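Between the sequences and the hints, there should be enough to build the whole structure, so can you do that?
Protein chains in written order, with the numbering used here: chain A, 1 to 419; chain B, 420 to 838.
No lab work stands behind these hints, which were simulated from the structure alone.
Be careful, since some hints might not be right.
Cβ-to-Cβ under 8 Å is the rule here; a few derived chain A residues that face chain B [unchecked claim]: (1) Pro40; (2) Arg99; (3) Asn192; (4) Ala217; (5) Val330.
Every beta carbon over 12 Å from chain A, so not counted as near; a handful from chain B, in silico [stated by the list, open to error]: (6) Gly455; (7) Glu512; (8) Arg531; (9) Gly588; (10) Ala599; (11) Ala613; (12) Val634.
Values in this document were obtained by computation on a predicted structure and should not be read as measured data.
Glycine included, every Cβ here is placed at the ideal spot set by N, Cα and C.
Number of protein chains: 2
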Amino acid sequence: MTVIGELGEKIDESNRIALERILNSDPVLVDIQTAGEWLPDMHDHLVLHAGPPISWDRMPGSTRGAVIGALLYEGMARTTKDAERLAASGEIEFRPNHRGGGVGGMTGIITRSTPLYIIENRPYNVRAYAGVLTDRLIFGGYDRQTLDAVRWTNTVFAPALKAALKHLGGVNIKRIQAEALHMNDEMHNRSNAATALFSKAVAPALVEAVGDRQVVAEILRFWNQTPSYFTFIGMGACKATMLAAADIPYSSIVTVMARNGVEFGVQVSGLGDRWFTGEAAVIDGPTFPGYSRSDAERDIGDSCITETAGIGAFVMAGAPAILRLVGGTVEEAHRHTAEMYEITVGENPHFTIPALDFQPGPVGIDIRKVIETGIVPVIDTAMTHRSAGVGEMIGAGMVTPPMKPFQDALRAFFETYAG
Amino acid sequence: MTVIGELGEKIDESNRIALERILNSDPVLVDIQTAGEWLPDMHDHLVLHAGPPISWDRMPGSTRGAVIGALLYEGMARTTKDAERLAASGEIEFRPNHRGGGVGGMTGIITRSTPLYIIENRPYNVRAYAGVLTDRLIFGGYDRQTLDAVRWTNTVFAPALKAALKHLGGVNIKRIQAEALHMNDEMHNRSNAATALFSKAVAPALVEAVGDRQVVAEILRFWNQTPSYFTFIGMGACKATMLAAADIPYSSIVTVMARNGVEFGVQVSGLGDRWFTGEAAVIDGPTFPGYSRSDAERDIGDSCITETAGIGAFVMAGAPAILRLVGGTVEEAHRHTAEMYEITVGENPHFTIPALDFQPGPVGIDIRKVIETGIVPVIDTAMTHRSAGVGEMIGAGMVTPPMKPFQDALRAFFETYAG
Chain A
1 MTVIGELGEK IDESNRIALE RILNSDPVLV DIQTAGEWLP DMHDHLVLHA
51 GPPISWDRMP GSTRGAVIGA LLYEGMARTT KDAERLAASG EIEFRPNHRG
101 GGVGGMTGII TRSTPLYIIE NRPYNVRAYA GVLTDRLIFG GYDRQTLDAV
151 RWTNTVFAPA LKAALKHLGG VNIKRIQAEA LHMNDEMHNR SNAATALFSK
201 AVAPALVEAV GDRQVVAEIL RFWNQTPSYF TFIGMGACKA TMLAAADIPY
251 SSIVTVMARN GVEFGVQVSG LGDRWFTGEA AVIDGPTFPG YSRSDAERDI
301 GDSCITETAG IGAFVMAGAP AILRLVGGTV EEAHRHTAEM YEITVGENPH
351 FTIPALDFQP GPVGIDIRKV IETGIVPVID TAMTHRSAGV GEMIGAGMVT
401 PPMKPFQDAL RAFFETYAG
Chain B
420 MTVIGELGEK IDESNRIALE RILNSDPVLV DIQTAGEWLP DMHDHLVLHA
470 GPPISWDRMP GSTRGAVIGA LLYEGMARTT KDAERLAASG EIEFRPNHRG
520 GGVGGMTGII TRSTPLYIIE NRPYNVRAYA GVLTDRLIFG GYDRQTLDAV
570 RWTNTVFAPA LKAALKHLGG VNIKRIQAEA LHMNDEMHNR SNAATALFSK
620 AVAPALVEAV GDRQVVAEIL RFWNQTPSYF TFIGMGACKA TMLAAADIPY
670 SSIVTVMARN GVEFGVQVSG LGDRWFTGEA AVIDGPTFPG YSRSDAERDI
720 GDSCITETAG IGAFVMAGAP AILRLVGGTV EEAHRHTAEM YEITVGENPH
770 FTIPALDFQP GPVGIDIRKV IETGIVPVID TAMTHRSAGV GEMIGAGMVT
820 PPMKPFQDAL RAFFETYAG
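Structure, rendered in structure tokens:
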């Protein structure tokens, strides 16, 4: 057998292990903790963000807006100008969520008092976090309404949910995801079913565990009015799953894809936490009334951990209802899913697609296959505004990530293992 | 213009009116009342049932079981034997739910203290009812567990929901149905999404309107554990819709399809409340473990009011997840929906099918088209056991109703209007 043949076998075997760990993962939402409680090295001047590393001077407008909002909320600054000055001063450490084993939606800004969903992947004794984020803030808002909303999330919502989770002993997220995939969710940009399933699963415990009836009603009303609510929890479950498949020598499986609005980055199991980056893509899709394409920031957020774990746009064939949001036809949705089978190493029998006669979804992106086929992972995503302060989603669409990070990763992979 | 041509025009015009009334219907769940409160001529010895008229001696086992259970629950009999004797004595009046403007799932047995969902079709000032039925009873059970479950439904669940509905001012059912159709429900045998949507919409009001926290938690838990819960509410909304299209002279639109386990019956708008019947079909589909096809009763229940109103199996192309329950392939599901466009007079822009690029669903069965094409309406349905006392669903499948009722109806139609 040739050296290359031997290496190929080693990679295949490692990828089989990675796949097995992905398929056997069983993420459970077990607790809510603040970033200060959960992250051992959290400090006042640390701001966590989405995507690969980025400095203040390169940050897009929506991320700057979210940083300003977070610094104001934390009492680190009293005015917008103060917050900007502090952010630019070099006294603030900016760090990717992924470095701490977590994810944050959109700009993904997390500071000390931000609550986190703690998700345990029990079979592998791995825990990931996902920010319990407030929409207005992470879309770059920092006005009074934004800070009030953050206050409600942090001081009313999070403690109540924490109590309900304790009462329940945790909520199995994999089961909700599997069921929601049978209900037209792809769970990156459409989590309507998962939100409803989560709400109805937790509601009884919320009633039993939380004494203040008005708080219970407020939270139930919030869930009822926020179809996208589940998305961050699902992201956390995907992160907990992919953590179990990380750091396997010789594995060429992608364990992280994430964007910061400027760069799209990937990490590969056999290459640890090295980032391979390329230019973040322009999002192709419709904007909401009042906005146009020229308002939209480039691709941003840790949310494509969903595609990394085999849901999101990968299972779009089973979620045609999302086409109203991101554009495109049912035929295109089927093509997206069909193509993802070409760049993945396996199929997930737990995540099946009714519209394809219950075919298991494609999972486990192999950087070798991406390069061989020339097919990059497909992503559907939400748009933020390119200016700070807007604080809302302005549209959604499809993303074709750059090929460069995959090329760079494959080069580094062979340097590492065939060197 | 020929006489036939003129008649055809009159029919088309009446069908346009019927269609318009179906499309503009807006059913809202406004209240819960007991059958004794709601039905002006309800009396102790009246038992309402599913489908066209049927006497005790012809009733299938599951219906007999439900009648026995209902008579025991109402205190009309103290033993099973007593109940059977009373039912056979001629002292009990059996009457179809449809005669009173309502529907009941499966055997559809409703007696004086049975709670009813009251559904108002506001634009047409029409109210329909659907039984707030207890699964074990309406599948023919009558044991202690069944009667305890009925007691909980009637004395705990129904009053609490009534209070929540009053607090809310009603729940718009059309909107829930439209959304659930985008979540893989067809709402005859799969209401998972609609149940979750209903639960999360009503939960806040339940918390605010009902003082007993344990009752609130029990009800929320019941909804969480009963994915099919919404089905009866949806049936009531369909009945309220079809009532608005009933009794339009010259309209050949089917306003009722219903089965009693022995006969399948239809009513036609221009022919009032006359029943046209044929032999109820054998259900084609898988049985649950422990049961076989030979255990299954023939087609039964008022639930195909869903297909009559253009959902259920008519929109199966958009609900492939149900195939696990009823059998068949995605291709067959698409064929079922495609065929229904051939026997209907319109499409419902409020009930769209994402899997068909948001094509509006087929609606308004025209008996002329059924005869012309030889295509009967397709129905998916649940199976009851042919013996009294089993008290649970034993399987599900597809139904091809008999052609005879449609032929008889068309003959009567021309006798009436071309005579």
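Q | Earlier hints that do not hold, by number | A | 1, 2, 10, 11 and 12
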